[in-house]
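> So the chains spell out like this:
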Amino acid sequence: MIPGQFSYHRPASLAEAVNLLATLEDARPLAGGHSLIPMMKLRLATPENLIDLHGIDALKGVRRDGGNIIIGAMTTQHELLASDIIATALPVLQETSLVIADPQVRYMGTVGGNVANGDPGNDMPALMMTLGAIYNVEGKGGARSIAATDFYQGAYFTALEPGEILTSISIAAPPAGHGYAYEKLKRKIGDYATAAAAVVLTMSGGKVATCRIGLTNLSETALLAVAAAQAVIGTSLDDAALKAAAAAAEAIMSPAGDGRGPPEYRRYVGGVMVTRALQRAAQRAK
Amino acid sequence: MAKTHVTMKVNGAEVEGLVEPRTLLVHFIRENLQMTGTHIGCDTTHCGACTVDLNGMSVKSCTMFAVQAAGADITTIEGMANPDGTLSALQEGFRMMHGLQCGFCTPGMILRAHRLLKENANPTEEEIRFGIAGNLCRCTGYQNIVKAIQYAAAKINGVEFQEAAE
Ligand SMILES: Cc1cc2nc3c(=O)[nH]c(=O)nc-3n(C[C@H](O)[C@H](O)[C@H](O)COP(=O)(O)OP(=O)(O)OC[C@H]3O[C@@H](n4cnc5c(N)ncnc54)[C@H](O)[C@@H]3O)c2cc1C
Ligand code: FES
Ligand code: FES
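So the sequence lines, in the order shown, correspond to chains A and B. Note that our numbering numbers the first sequence so that position 229 is 229, with each residue one more than the last. Note that our numbering numbers the second sequence so that position 13 is 13, with each residue one more than the last.
Since the hints were made in silico from the structure, they are not lab data. Note that CB positions come from ideal geometry on N, CA and C, so glycine has one too. Worth double-checking, as some hints may not be accurate.
As the list claims (entries may be wrong) - SDA-like cross-link-like pairs, simulated, lysine to any residue; straight-line CA separation at most 20 angstroms:
id : chain 1 : residue 1 : chain 2 : residue 2
1  : B       : K3        : A       : S7
2  : A       : K60       : B       : A72
3  : B       : K3        : A       : K60
As the list claims (entries may be wrong) - Taking beta-carbon pairs under 10 angstroms as the criterion, some of the chain B residues facing chain A (in silico):
id : residue
4  : T7
5  : M64
6  : A133
Chain B extracted, bound-state conformation (with noise of 0.2 angstroms):
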């Protein structure tokens, strides 16, 4: 089949490659790009592991080819660091209130959970389980999750980080 040529912005930078129609966006960015932080956990649009932010949407990029993102401005993992290199608010939360143990739903869950605060700066515990609800972690039981994700939304809002009382 013939390749198609592509390009994309990724985390900033115009990237481009030769791509069968039918290679699907994830494949693209692990393996044109080199790009592993975005995982694959089920394949078959369940779990969120691949979870990219795509033109201001939360993309499972298993479910996407990457002819079609042509032209789109994506952002991953590798990208969500500050550009200095220190932790982005996401990150230092997930870290401080382990937010992950074995780490393979991690990025999917910072990238969905990036585009929820940008939607919603101060989101209810609910809406933060509702809005992670397109993605599956085996081991934390999500508590831990939805403690990193106050703790972004609160150092993005400016005001300290109160745990909830159990």
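Only chain A is shown next, with the shape it has when bound in the complex (with noise of 0.2 angstroms):
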């Protein structure tokens, strides 16, 4: 499968990617390319200039800023889970970064790109969801930062602006001692969630004093769950307060039939999703 034709921009400064991405026509980005290049190969994306952000240094790296860790929107899967930062203050992020596609493809894929590409199936946008990420972009009209919550409106639809560019990722770490997983049910290694949902808790007295929960790819969007971990806040997880959180999440589901699944189905795995990221977020948490 050859993709249709395009031209190719290598620019070597976010201002010049800025540049190119306003006045060309029909441009766009090109980060990792593994959800992109497929997408051109099946004539489903056919941009006729893609300018490829790998020539900017100013997009790579992850970094400390007070308590907020900063990651670089062209910073990739591989290298987040090379991270000692990343493994210190987000382990959650590597965890998910292991259940995404295989290793060939996280040695490509960008955070950027699987946070900006809009897929209801991507693992990383629920989990930024979660962790309360805001993403910071930059156009033509300046830099501006949108909440990861925001930041999704529909499947590829999002609060980016034709031309802009996600730059980077600031989330605040979490408290030492947090609990954290994401459970993700999938067919087999390189498939998108059948069903998967984020935790992040911490916990006080054997209560869960805060709770997030995200869901991945059981509606048009990541999905924060926001009655579900209300549902726990308070409680010591006991199996009635897991059932209400599974529940409450289940109620904002609607996910679609496909291969993986009709639609009960997976929304009675993304039930048993929460449960599972629950029980194992409260084990983890110190």
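Reassemble the complex: the two chains are provided individually, in unrelated frames, and hints are given to aid placement.
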């Protein structure tokens, strides 16, 4: 399968990339290319101009900025897995990276591409909503920040304006001793989720003190399950609390029926993923 | 569409060519360079038959444009033998352990295993299976591929290969 024709550009600076995106017809950023190139090969995407972001050093790497972790958009899943900062401050990002695709895809696929793509099957968006991440973007009109929870508007529709580049993601490091889990049901390695749930919580005196829950591939976009999280706060995660959380999460799911199963099944296992993620996160919390 | 001149290093030699931006790296390698050891299995980023080593990463060359690889340092199966022409540890392992049947997946498997052993010289069986999860084999059932990689790891580490009891 051969993609349609396009012109290739490899700017060396962010300013140059923003300018190319603003001035060229039908221009699109190219990050790891592991969602975009398959779409181009199927001719589901036919951009006239590709702006390869690999030449821009400012978009790479992971650093600490006070209590925040800043992840450059072009940081690959493989680099996340190798980062000491991520291992210490945000281990849930590594747990999630490890269930994304396969080793080859993780060498190329970037965090920025994963969250900007807008595919409900991508695993990072629900996690970013759970972590309260902020996306920093830049376009011809300047720089702005968008909360991950405000970013996703529909399948492949995001708050990104045409020509805007996601430059980095800021995440306030969760407190030491927090519990976390990303539970993903998939048919095989390299498959998108049948259902997946992200949990980040803190425990105090045997009770859940704070909790956020995110859901992957159970609706047109990733979801933040606010009522489900509310249902466990203040409880010791007893059976009744777990059941209430699963039910509240299932109530906001509207999965499509596809090769991964009919909607009823996916909603049911979505509840199971929430339950397992809560239990595993609580076990890890100190 | 205007063609672009690209140069890169493939198996230690500088190569060049004229490509359209949409030319996939695997097509550049197979058609321009006439190195047909790198295979196209699925053409949809799933099977790993097209895996090459690129700047220290295992990359599915059906999912990268040749223009993106300008300036890169690439190894393909044609560059995997020892400099004196004898089989490298991985190639010997696949031969000795019957790590292939039809052989279609083998170039990709060997290139992926090459990077896996560079990053983890002594992987467990589980680490090998997770590490080659992006490569599909329709013949062997993977058992002998795992053994082939264990054989190569032992040889590279200078220890005797012991097959695990079944
Ligand atoms: C076999 C296979 C299995 C996979 N399995 C999974 C999986 O289980 N879970 C999962 O989450 N993903 C999976 N993926 C997708 C993979 O993680 C992609 O790498 C990811 O979705 C996109 O990241 P990328 O860097 O490759 O982006 P690209 O493909 O380059 O870009 C994707 C889209 O985002 C836009 N974009 C990219 N970067 C930016 C930026 N900085 N600013 C603005 N727009 C940008 C592009 O223009 C494009 O529209 C799989 C892919 C394959 C091939
Ligand atoms: S041909 Fe590239 S992954 Fe199958
Ligand atoms: S040996 Fe035939 S596909 Fe692997």
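> Would you mind marking each hint as holding or not holding in the structure?
A quick look at each hint next to the structure:
no.: 1; hint: B:K3 <-> A:S7; in the structure: holds, 10 angstroms
no.: 2; hint: A:K60 <-> B:A72; in the structure: holds, 18 angstroms
no.: 3; hint: B:K3 <-> A:K60; in the structure: violated, 29 angstroms
no.: 4; hint: T7; in the structure: violated, 15 angstroms
no.: 5; hint: M64; in the structure: holds, 6 angstroms
no.: 6; hint: A133; in the structure: holds, 4 angstroms
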